[in-house]
Amino acid sequence: MKIGVLALQGDFAAHATALQQAAWGNAIPVEVVEVRRAAELSGLDGLVLPGGESTTLLNLMQDEPWFDRLQEFHGSGGAILGTCAGAILLSREVLNPEQPSLGLIDATIERNGFGRQVDSFETELAVDIPGGRMAAVFIRAPRFRRLSGKVEVLGSWQGEPVLVREGRVIACTFHPELTGDVRLHAFFLSVVQGTDRVSLKRAFDTRGAVASREERWR
Amino acid sequence: MNNENKGTLRLKTGLAEMLKGGVIMDVTNDDQARIAQDAGATAVMALERVPADIRKDGGVARMSDPDMIERIKKAVSIPVMAKCRIGHFAEAQVLEALGVDYIDESEVLTPADEAFHLDKFAFTVPVVCGCRDLGEALRRIGEGAAMIRTKGEAGTGNIVEAVRHMRTVMSGMRRLTQLGQEELMTEAKNLGAPIELVRMVAETGELPVPNFAAGGIATPADASLMMQLGAQAVFVGSGIFKSEDPQKRAHAIVRAVTHYKDPMVVLEVSRGLGTAMDGIETSSLLPEELMQTRGW
Chain A
189 MKIGVLALQG DFAAHATALQ QAAWGNAIPV EVVEVRRAAE LSGLDGLVLP
239 GGESTTLLNL MQDEPWFDRL QEFHGSGGAI LGTCAGAILL SREVLNPEQP
289 SLGLIDATIE RNGFGRQVDS FETELAVDIP GGRMAAVFIR APRFRRLSGK
339 VEVLGSWQGE PVLVREGRVI ACTFHPELTG DVRLHAFFLS VVQGTDRVSL
389 KRAFDTRGAV ASREERWR
Chain B
4 MNNENKGTLR LKTGLAEMLK GGVIMDVTND DQARIAQDAG ATAVMALERV
54 PADIRKDGGV ARMSDPDMIE RIKKAVSIPV MAKCRIGHFA EAQVLEALGV
104 DYIDESEVLT PADEAFHLDK FAFTVPVVCG CRDLGEALRR IGEGAAMIRT
154 KGEAGTGNIV EAVRHMRTVM SGMRRLTQLG QEELMTEAKN LGAPIELVRM
204 VAETGELPVP NFAAGGIATP ADASLMMQLG AQAVFVGSGI FKSEDPQKRA
254 HAIVRAVTHY KDPMVVLEVS RGLGTAMDGI ETSSLLPEEL MQTRGW
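So the protein sequences, as listed, match chains A and B. All residue numbers for the first sequence refer to the numbering used here, where the first residue is 189 and numbers rise by one. All residue numbers for the second sequence refer to the numbering used here, where the first residue is 4 and numbers rise by one.
Just chain A, same shape as in the assembly:
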């Protein structure tokens, strides 16, 4: 399986390392590649949108039809994991200030929702992925302000969602790539493979009575 990390700007190297560690740890054969041109999306099974500056990423994405190519990638079954700036790009609506986004997660997200760097913090969260609790690093982090019913919450901090999923797209407002705990990357690889377990409730909520093949309870 081939996983790309968007390498236009940000901590893409940390994600590549985490993906490789998760692959080795779970004996999943994975090739990890850096993606700097839209054409490099072809042939990928999954893509990571890293942390970084979302304004910079958007600026660099204007050089090629990145939005169209990413929508096509998603439409053809590609799985996507976005952290921090990546989560901003994935959301339907962005605040503070408003800016374009892919809309692959039906959510409203506010940039720099906690304030400036002096307000950045580390904590520990309960998360709904194998192994439970996880250290979380929030750096000038965004905050989800609205989620549609289609979006499943996989992790919360003080009652507000920080790790969410809609189908094959996962978004988190913290940085799992900076802690050395690669369980979220391993979980993402299982989503790419289609071997993750999704609750029946969610499968029914999102797709009605007939769950799609990859979302059926196994």
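Rather than coming from a laboratory, the hints here were simulated on the basis of the structure. Be aware that a few hints might be false.
Said to hold, decoys possible - If the Cβ cut is set under 8 Å, some of the chain A residues that face chain B in the computed set are:
hint : residue
1    : 243
2    : 248
3    : 311
Where a beta carbon is used, it is the ideal one built from N, C-alpha and C, also for glycine.
Knowing the structure of chain A, use the given hints to seat chain B on it.
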């Protein structure tokens, strides 16, 4: 458990991680800050005069006016950095109170202390420091710097010093990885660096914090050169707003950093930029005119 920790080294280096593959631009007012953000800067450095003007004007260069930094903070959504004088911890305290996102303890300003740099662990806000070689980089990291940049020779538009400093740091690290355990203490003594950090570099072959380039970058090719030499991001000081077409040049340097391995892109963005900033031959500068020798 809702324990939250702030100001940890992981949060400090973490913000530097987010700036990788990007360009941090010097700006002197809110208009320039907006131009920088619109061109794709990952952060701006707010200061009253760019290094080329500090060099020209002479006199004592100090921390910038807080109102001016405040206006820049309001104008952009990207991180805002500001400079304090080497060893001037009261200026650093003021910048932290003001809520800047990163402090640059910078040789571009007139040093306040000739013997001691900031105790950077004492701050919640992360601090970046310049270096000319591996020993200097590790001393600053030992004091708590969360990001290292080359000093280069600021305000000259001449890349030669930044190249020298980056090559010195990179080859110093490669050398350490070849040494035996018993050689490391002597090496730490020779470098004037903490042994724990020397051991870390010997093991990993890289600095324990992000390693950026600064001091003399004026063109897209300069930026690509520094990235290929091992920089993980670049600072551009006078190079943008002292050039003929700042907007276009800023946009071009951002692209050259992302696609630094692709000469076709660097070629494309290098076209039609107008004239670059005026350069200074560094060997023509008197020893007391050099900024890189400030700090130790």
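Hint by hint, here is what the structure shows:
no., hint, result
1, 243, "6 Å, holds"
2, 248, "6 Å, holds"
3, 311, "5 Å, holds"
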